[in-house]
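Protein chains: 2
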Amino acid sequence: MIEKLLKNFVGLKKNSIAIAGAHDDSVLSAVKQALELNIAEFFLIGDAKKISAIAKEIGLDAKKFEVFDESCDVSSAKTAVKLVKEGKASALMKGKVETSTILKAVLDKDCGLRGSRKLSHLAMFFVPTYHKPLFMTDAALNINPNFDDKKDIILNAVSAVSSLGIKLPKVALICAKEHVDEKMPVTLEYEKFVKMNESKEIDGCIIGGPFALDNAVSPEAAKTKGINHPVAGDADIIFCPEIISANVLYKSLTIFSKAHVGGVIIGANAPIILTSRADSAENKLISIALGGSLGGNKL
Amino acid sequence: MIEKLLKNFVGLKKNSIAIAGAHDDSVLSAVKQALELNIAEFFLIGDAKKISAIAKEIGLDAKKFEVFDESCDVSSAKTAVKLVKEGKASALMKGKVETSTILKAVLDKDCGLRGSRKLSHLAMFFVPTYHKPLFMTDAALNINPNFDDKKDIILNAVSAVSSLGIKLPKVALICAKEHVDEKMPVTLEYEKFVKMNESKEIDGCIIGGPFALDNAVSPEAAKTKGINHPVAGDADIIFCPEIISANVLYKSLTIFSKAHVGGVIIGANAPIILTSRADSAENKLISIALGGSLGGNKL
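These protein sequence lines map, in sequence, to chains B and A. Oh and the first sequence: position 129 is 129 in the numbering used here, straight run, nothing missing. With the second sequence counted from 1, adding 299 to any position gets you the numbering used here.
Source of the hints: derived by calculation from the structure; they are not laboratory data.
Cross-link-like lysine-lysine pairs, in silico, DSS-like; alpha carbons within 27 Å at most:
id: 1; chain 1: A; residue 1: Lys482; chain 2: A; residue 2: Lys524
id: 2; chain 1: B; residue 1: Lys258; chain 2: A; residue 2: Lys431
id: 3; chain 1: A; residue 1: Lys482; chain 2: B; residue 2: Lys109
id: 4; chain 1: B; residue 1: Lys225; chain 2: A; residue 2: Lys557
id: 5; chain 1: A; residue 1: Lys431; chain 2: A; residue 2: Lys499
id: 6; chain 1: B; residue 1: Lys258; chain 2: A; residue 2: Lys303
id: 7; chain 1: A; residue 1: Lys313; chain 2: A; residue 2: Lys387
id: 8; chain 1: A; residue 1: Lys522; chain 2: B; residue 2: Lys258
id: 9; chain 1: A; residue 1: Lys417; chain 2: A; residue 2: Lys395
id: 10; chain 1: A; residue 1: Lys476; chain 2: B; residue 2: Lys96
id: 11; chain 1: A; residue 1: Lys476; chain 2: B; residue 2: Lys258
id: 12; chain 1: A; residue 1: Lys476; chain 2: B; residue 2: Lys118
id: 13; chain 1: A; residue 1: Lys403; chain 2: A; residue 2: Lys349
id: 14; chain 1: B; residue 1: Lys183; chain 2: A; residue 2: Lys450
id: 15; chain 1: A; residue 1: Lys482; chain 2: B; residue 2: Lys183
Across the chosen pairs, the derived CB separations fall in these ranges:
id: 16; chain 1: B; residue 1: Lys109; chain 2: A; residue 2: Lys466; range: 50 to 60 Å
id: 17; chain 1: A; residue 1: Lys466; chain 2: B; residue 2: Leu37; range: 46 to 56 Å
id: 18; chain 1: B; residue 1: Thr224; chain 2: A; residue 2: Asp360; range: 22 to 32 Å
id: 19; chain 1: A; residue 1: Lys494; chain 2: B; residue 2: Lys104; range: 28 to 38 Å
id: 20; chain 1: B; residue 1: Lys64; chain 2: A; residue 2: Ala580; range: 55 to 65 Å
id: 21; chain 1: B; residue 1: Ser52; chain 2: A; residue 2: Lys524; range: 27 to 37 Å
id: 22; chain 1: B; residue 1: Val10; chain 2: A; residue 2: Lys494; range: 47 to 57 Å
id: 23; chain 1: A; residue 1: Lys466; chain 2: B; residue 2: Gly59; range: 49 to 59 Å
id: 24; chain 1: A; residue 1: Asn527; chain 2: B; residue 2: Glu201; range: 49 to 59 Å
id: 25; chain 1: A; residue 1: Lys466; chain 2: B; residue 2: Lys50; range: 49 to 59 Å
For each residue, glycine too, the CB sits at the ideal point set by N, CA and C.
Here chain B stands alone, though its shape is the one from the complex (with noise of 0.2 Å):
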């Protein structure tokens, strides 16, 4: 099952991840499998004691990865920051640490990683009735982005979706209605996005909306409903507009739809993979695998 998902990442690159708070049975499983299946390298920063154990425990070979002893998590995360700067590793992924202590690290004036972008999360689903990949984004980070912040958090997703092969990819913006009303004021919003997709100010990808998600992801309710455009029942990269109706969209492709998914953070000059005890081995590695696969592209 994992490789024929993991097919879709064939032929991009294979990456170097520095993982901050490598010291987790969890992350050290994942690890060995990615390994495993050759879809990344690692150097693994946490407490080097910890780490040394639990490999072996789990029968990791030490030789095939470096270690950088930190036991305190802000060095952790400082440190794969560094290795990511100097160009050693690619990707960042987080391990035993707070989510906010490697987004602290990233976003450091001096020693981070910031772009000029605004940081957003990237989901990239494969949903049993779906006939390809399906993105969404903002499920984890941004609650409620304002106009600019929208702009970012679509332009994060066509850049990495495009770096995974996919040109011109077809972008939904979604709500609960097929046309501009301003009861629906993010509707206004989606129709400029549109005029800025037309004029090239929002350029490589396809915009469509506004759209309900099943005139987005269902031809026939697409054409049910009488519209007729390319994104229209074929999106790859799925918008919602705030944070709430993309989580339940994310756990209900998850929980109800059986979806395998991985998630990364993007927005910075390297992908941030994030992965939490809760997730299956399978996306914990489809994760790694699309973290691994963006990094060193520019996002």
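Starting from the structure of chain B, add chain A where the hints point.
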């Protein structure tokens, strides 16, 4: 398949439904199926000639229903409402008239069916991957409900679901967090609803939240997050805070999870069954069975 779904309504009342604008082949086909399955009786209001012609064409026996000839949509809606007010019918159904036309007749201060609460939409899903029917509100009517509106929407749903025989329905208040957080203001409202439930100001249900969707419908996800609450993993009613997240969930369940769904507007003195041409035959019948079962109850 539909027979199995309709078993959920067995033992509930079989009611008379007044259809405004019944001169429509899609509506009359649903009527024919509903009569064959013996789930409701009908008063057909609309263009009598057209009704007669379509009935003949689809093999619907004219002796099985009563027709009220009204060629204008407004009078059609008014007559349907009058039949409910007189106690002849106990539910309304939208045929070939605008939703706004039928709502205007329902909300008319003198001749309507206005109750003390705001109207709201309730969807009933049969999700293949969930262990019981799942209700959700409000994906269609209230765009951005305030606190009092939310209270009405919750009370409407609890009354309706209880009257279907589900005692003490479990209501999950959904957002993207599992704890109260000022950065997501709806969590403060949710805290109040939970307290109003504990003090029995909102009674006849168990309210839990704030929850992310997975905590509400997956016992495993709830356990992983350390949530121990009777609603967690076993929700009957999903409450979404505004229309976009609700609509996204509705479309995700129908398109990606292949759920069957029925829908009604509740909060007036009779339910209003909404079906659209695009609905599958199964979904139309679920709406009719749902509205028919709710009719005549104090909602």
